[in-house]
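Visitor: Protein chains in written order, with my numbering: chain A, 19 to 222; chain X, 54 to 104; chain Z, 1071 to 1350.
Note that these hints are calculated values from the structure, not bench results.
It is possible that part of the hints are untrue.
Per the computed footprint, the stretches of chain Z lying under chain A, defined by three or more beta-carbons under 8 Å from a beta-carbon of chain A, are [as the list claims (entries may be wrong)]:
| id | stretch |
| --- | --- |
| 1 | 1135 to 1147 |
| 2 | 1206 to 1215 |
| 3 | 1238 to 1244 |
For each residue, glycine too, the CB sits at the ideal point set by N, CA and C.
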Amino acid sequence: MNWNKKWMQSIRKGAVLCTILILLTGCGNTADSQDNGSEDTVVQTAESESPKEDTVQEDSKKFPAFTATDLEGNTVTESIFADKDLTVLNIWGTFCNPCVGEMPELGEWAKEMPDNVQMVGLIIDINGEEDTKQRDVAVDITSNAGAEFTQIIVNQDFAPVLREVLGVPTTMFIDKEGNIVGDSILGANVDGYKKFVEDYLGGQ
Amino acid sequence: MVDNKKKRLLFLRVAGLVIAVVFICFGGFRGEMNIVLNKAITICFECIGLG
Amino acid sequence: MRFGYSVKRKLLQLIAFGCSNAHLLNFKGGKIYTGKWKYFCNPGLNCYSCPAAGFACPIGALQAVNGSMNYSFSFYVTGLLLAFGVVLGRAVCGWLCPFGLLQELLHKIPSPKLKLKKIFLYLKYVVLVIFVLILPIAVTDYMGMGKPAFCQYICPAGTLEGGVFLLAAHEGLRKSIGALFTLKMAILLVTILGCILIYRFFCRILCPLGAIYGLFNKISIYHLEVDEHKCNGCGKCKRVCQMEVDPVKFPQSAECIRCGACVDACPQTAVRLGFCNRKG
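Just chain A, with the same shape it has in the complex (with noise of 0.2 Å):
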């Protein structure tokens, strides 16, 4: 019996020292991740100094420049924003509970949406041109949703603006301009986009 607990000790003495190593090294890690998180809190005050119901472009972010194709493969540009004088951006991915639960409310608002606002969806989860099997299940979201707006695929180019979001689904607000306007809105809350909508467009 002597030697199995000799043979315990040991083992944890071991696993006290893996486990020091581990956290060293894992706090290492998180040092390279934590560039991103620097210029985050930077970018992160702006973004909450500007009151809710605001209407005036009080933080003028401008949306990054992009180029991606959309889920039936057309090529969409920041152009996209000049069309109308607000689009509501959506933020999600397929493997989203909420996201894909708002979905069809998304869908039929962007139908019934006065016709100078339009809705945009952005995919997080889609890695790129050659991801067909993810493609696919957000098509088939899209097409069960009877959601027909727009959704583009992400990519690089989409970063500046990813590095802020902090989970999905984000909604985002931006005017002919390109400009992002307000306050993003976290979690699903359809009611609250209608309400930012109308409040954007009564302020106008």
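Following the hints, complete the assembly by docking chains X and Z onto the known chain A.
Guide: Here is chains X and Z on its own, set in the frame of chain A:
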């Protein structure tokens, strides 16, 4: 009788571990690990109380 | 100097907590770790929305895969739970679970200490079956996706480790708080109060992971043994057990977290914790 009990215990442990390994491999093979990763690296708004 | 189980265990618990939540720098930016280690599940309960978390939560992962479009059953997560269960059983709760450590520390806060009525111990199985297993599969939307019901409606670990810290760091999140957060906050506060009054309140009453591992206590490799020849029936082990288990009568009890308090307390050294079976 004690021997039978011990044998049964050993069998259950070995069976449990074997099934565990098989499950893990099969689950990994059919892409479940990606689902776990995707859920774990995006802030789950539902889990933290936002719905 | 002989170190009893209480010291060794606390040490390992602290190390396990540190390993589970190694990415402390993330608290500042309010971001979560997004690296490859999150393919793997922590053996204990630790929300993967916690900024510092380095691994995925097994209960969260189970609900995620079970609730996903294409699958109703997760082989991968079940396999992991099976492996942890067979090797360690509820020793995971006692030695590795970060939330278990939090509960023990809360219990150290001075207060009247209460015992728990046995009937409440069954509630965690109800929570497991309904919120973790059934709801994500049964209540699905038009695409066949189910909600992670335990994470969403109950889990205080998520509210504390993920919710509190992320909400503190992001005003955008604070604006989105609704009724659900109020419910989860209420559950968290009840849990904290419960843990102060009752040892491991959450573990014993609500934790679905503890429920799962407890079922393996009968066959787990790391187990409790009582030498009947040495035992003189003094009952010290039972009195010292904070999970209210009688080690002599039920050494494989599903409530035993293998903390070793009974081992330390036995004047006859009749109680043993270990991986190997006693010879002879």
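Visitor: Each of the hints needs a verdict: does it hold here or not?
Guide: Evaluated hints:
1. Given a C-beta distance limit of less than 8 Å, the hint that chain A covers the stretch 1135 to 1147 of chain Z holds, as 3 residues qualify and 3 suffice.
2. Note: the stretch 1206 to 1215 of chain Z has 4 residues with beta-carbon separation from chain A under 8 Å; the three-residue rule is met and the coverage holds.
3. With 4 residues bearing a CB less than 8 Å from a CB of chain A, the stretch 1238 to 1244 of chain Z meets the requirement of three and the coverage assertion stands.
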